[in-house]
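Protein chains: 2
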Amino acid sequence: MFSKNKALKSIFDSSIDELCKSEGLSKETIIQGIEDGTMVLLGNPNHKNVTPTLIGQPAKVKINANIGTSPFKNDREKEMKKLDTAWKAGAHAVMDLSTAGDLDGIRTDMLNSCPLPLGTVPIYAMAQQYVARDEDPAGFSIDELFAEVEKEAEQGVDFMTLHCGLTRRGAEWATEEGERLLGIVSRGGSILARWMRDHDAENPLLTNYDRLLEICLKHNVTLSLGDGLRPGAGEDAGDAAQWEEVLMLGKLAKRAHEYGVQAMIEGPGHVPMHLVESQIRGIKAATYNAPLYVLGPLVTDSAPGYDHIAGAIGGAIAVMNGVDFLCYLTPAEHLTLPEIDDVWNGVKASLVAAQCGEVGLGRKDAVQRDKEISIARKELDWDRIAELAIDPALACARRKDHKDEKECAMCGKFCAVRMLSE
Amino acid sequence: MFSKNKALKSIFDSSIDELCKSEGLSKETIIQGIEDGTMVLLGNPNHKNVTPTLIGQPAKVKINANIGTSPFKNDREKEMKKLDTAWKAGAHAVMDLSTAGDLDGIRTDMLNSCPLPLGTVPIYAMAQQYVARDEDPAGFSIDELFAEVEKEAEQGVDFMTLHCGLTRRGAEWATEEGERLLGIVSRGGSILARWMRDHDAENPLLTNYDRLLEICLKHNVTLSLGDGLRPGAGEDAGDAAQWEEVLMLGKLAKRAHEYGVQAMIEGPGHVPMHLVESQIRGIKAATYNAPLYVLGPLVTDSAPGYDHIAGAIGGAIAVMNGVDFLCYLTPAEHLTLPEIDDVWNGVKASLVAAQCGEVGLGRKDAVQRDKEISIARKELDWDRIAELAIDPALACARRKDHKDEKECAMCGKFCAVRMLSE
Chain Z
176 MFSKNKALKS IFDSSIDELC KSEGLSKETI IQGIEDGTMV LLGNPNHKNV TPTLIGQPAK
236 VKINANIGTS PFKNDREKEM KKLDTAWKAG AHAVMDLSTA GDLDGIRTDM LNSCPLPLGT
296 VPIYAMAQQY VARDEDPAGF SIDELFAEVE KEAEQGVDFM TLHCGLTRRG AEWATEEGER
356 LLGIVSRGGS ILARWMRDHD AENPLLTNYD RLLEICLKHN VTLSLGDGLR PGAGEDAGDA
416 AQWEEVLMLG KLAKRAHEYG VQAMIEGPGH VPMHLVESQI RGIKAATYNA PLYVLGPLVT
476 DSAPGYDHIA GAIGGAIAVM NGVDFLCYLT PAEHLTLPEI DDVWNGVKAS LVAAQCGEVG
536 LGRKDAVQRD KEISIARKEL DWDRIAELAI DPALACARRK DHKDEKECAM CGKFCAVRML
596 SE
Chain Y
176 MFSKNKALKS IFDSSIDELC KSEGLSKETI IQGIEDGTMV LLGNPNHKNV TPTLIGQPAK
236 VKINANIGTS PFKNDREKEM KKLDTAWKAG AHAVMDLSTA GDLDGIRTDM LNSCPLPLGT
296 VPIYAMAQQY VARDEDPAGF SIDELFAEVE KEAEQGVDFM TLHCGLTRRG AEWATEEGER
356 LLGIVSRGGS ILARWMRDHD AENPLLTNYD RLLEICLKHN VTLSLGDGLR PGAGEDAGDA
416 AQWEEVLMLG KLAKRAHEYG VQAMIEGPGH VPMHLVESQI RGIKAATYNA PLYVLGPLVT
476 DSAPGYDHIA GAIGGAIAVM NGVDFLCYLT PAEHLTLPEI DDVWNGVKAS LVAAQCGEVG
536 LGRKDAVQRD KEISIARKEL DWDRIAELAI DPALACARRK DHKDEKECAM CGKFCAVRML
596 SE
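Top to bottom, those sequences are chains Z and Y. Taking the working numbering, the leading residue of the first sequence gets 176, the next gets one more, and so forth. Taking the working numbering, the leading residue of the second sequence gets 176, the next gets one more, and so forth.
If you are wondering where the hints come from, they were derived from the structure by calculation, not from laboratory data. Heads up, a few of these hints could be off.
A few chain Z residues facing chain Y, derived, Cβ under 7 Å [what the hints assert, rightly or not]:
(1) S185
(2) F247
(3) R251
(4) M371
(5) E410
(6) I484
(7) A491
(8) N496
(9) G497
From the three backbone atoms N, C-alpha and C, an ideal C-beta is built for every residue, glycine too.
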């Protein structure tokens, strides 16, 4: 991997000491993980000041926050504030999913103002140009698409969602009458399915995969192999269309790896609880244990407004089963574009899920944190509790009315911790 | 059971038709569950207008909301508003955990104004009287304690947490140097442990258990056998002290059942994810499959401010493993007494957990709900989505800025659902 990917080597060399420290892993473990393709190191040398970020257990589970404009909510300033919020809340990466406004400008601003690895979905920029001219969103040519990918790689984008494993067969299976409740719910997937239908041709990202690898290799762009056919309803989870794409993603991850390009796999999506374990372990097995990046999983469809909670339930179980990277869901999911506080709450909910999963896995730092906050609780040491909490500011704020009291206001003099120590 | 407990029989007879309908269960299934002690029917005939409520899978998982005054936040009006909020949010039962003010008055107001089954912890009223006089909270006599239990039963309290299974041995194990990080965190448990220490005697609720059963039988008060030694830190989960009490609770549930008194078991508490399944299944097995009522479980200690989320993660997994009754955790847990919106958010988070668990278990109504909301999503039928959502008002409110648009503001013209249907 390192011998083929010089850009990766330079990022690795500049960050390995810091990585060993922050991840609590040996240099050998990290090298082996990257060589095996079970870890990826996000970082495009063109992204100045990027914090190289390691994804793949036993490295710590990472959180991604999706931000970006939409046609109904196109406020560039606000998206920059969301970027700042995601960063401060503790996200480890951000994806710019903008589909309205000056996409190049927004992307460049984000790259310039934030050290978190930035991901994009280049096909959105394609479709947006056509939509803006009131043309077919799938009207773009293959050359246009690759020009966009190359431009974004040169701008410094660290990882890109590209739905290379979506085949015509998969798209047909997903949209056949009587099959899925919800067909294709991935925006990128639906644009590509439309492209294949309109052009009567196979997926251009699949047929021109080596062209993509060449661009990615040059700039150490990590491929985030997109799940265009992820289930959009619990009822659709685990069907043939989903697995057809997973199998392709595994083959493509292997080919990327052989080429010297880092790749991770994107996963579901809407999955009921009894299927999360088999989905995660099944996808991992079929994709050569490449890092797995999931959206949720969302373990019920009935919680709009609380999808960050339903997603945290699925996410924590997913982490226990080997997931490496959690894409947040915010309270706005399925309803509207997230506001600033949705971004904060989405990141925090994902951090809670990761912490719960890592404690369950016995990861040293997570277990130690739980232990130390419990000791602080015994000592009623509120400053230390806040310091160790996933949201220190919130923990302080909730106690503001009685911050001079030793006990908390739930129990007051009935504090069980004190009842026996008096 | 029915032949011994006349109060239960009267509640059963008045509600069985409605119960069969709301639970989707046959009369025979419900009778068998109650006879076997795997279901309990909450409802004290002295609680006028109570909605008899069935607890025990395959009956639907129920949610309890804890409310009540505390010494630092003693606002009777606000607690009545919380009661109303819990009810409107969809709680199935409420516990009045008041420890400040006119406890008899608060309890009577709550019983008069709400048809949800009401639970209490009678030992709080005992301790509160002594604390109010600046005396030892464990100064009360056995007769005083039973007089309180009898009075509350006559007032109409439907279920009572009584820590009958807490033994001197268990309390010693939990508080021994070098054992637990957090000793005893149950308020009732710590009061009783103090009583045992101060009086140099065994737990009066254990030594006088038949006296308790006699009162409960008369009014169909369901015993909620309290877990005074539940772990208060993930690190403490599953230790000898916890299991010593669980074993006693099982024996006591059996004795209650033989006496004609309904009983459920209270469970943890702080439990890391890898232990939730073994805890829940282990407790069920050791307690003759009596209905299990858990607080969380809270699968990390590090999320103060987000304990409703950490609790929903544990709760959903617990439901998948057989838990019957979830006590909510609010965003205020471990920090302060919940405010009105905390009550709302706590109930909703628990409802999300129950829905996720029930979908995972394949429960017909939960699966159907997920399916119908997914169909509504495909049709972009926002009214129907809101109608089926766990929080219809919230789902509507989040769309208010663009309620005349067909698509949601996340994707707008990029709506994947529409991309292929055009």
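Hint check results:
no.	hint	verdict
1	S185	violated (36 Å)
2	F247	holds (4 Å)
3	R251	violated (16 Å)
4	M371	violated (11 Å)
5	E410	holds (5 Å)
6	I484	holds (5 Å)
7	A491	holds (5 Å)
8	N496	violated (11 Å)
9	G497	violated (14 Å)
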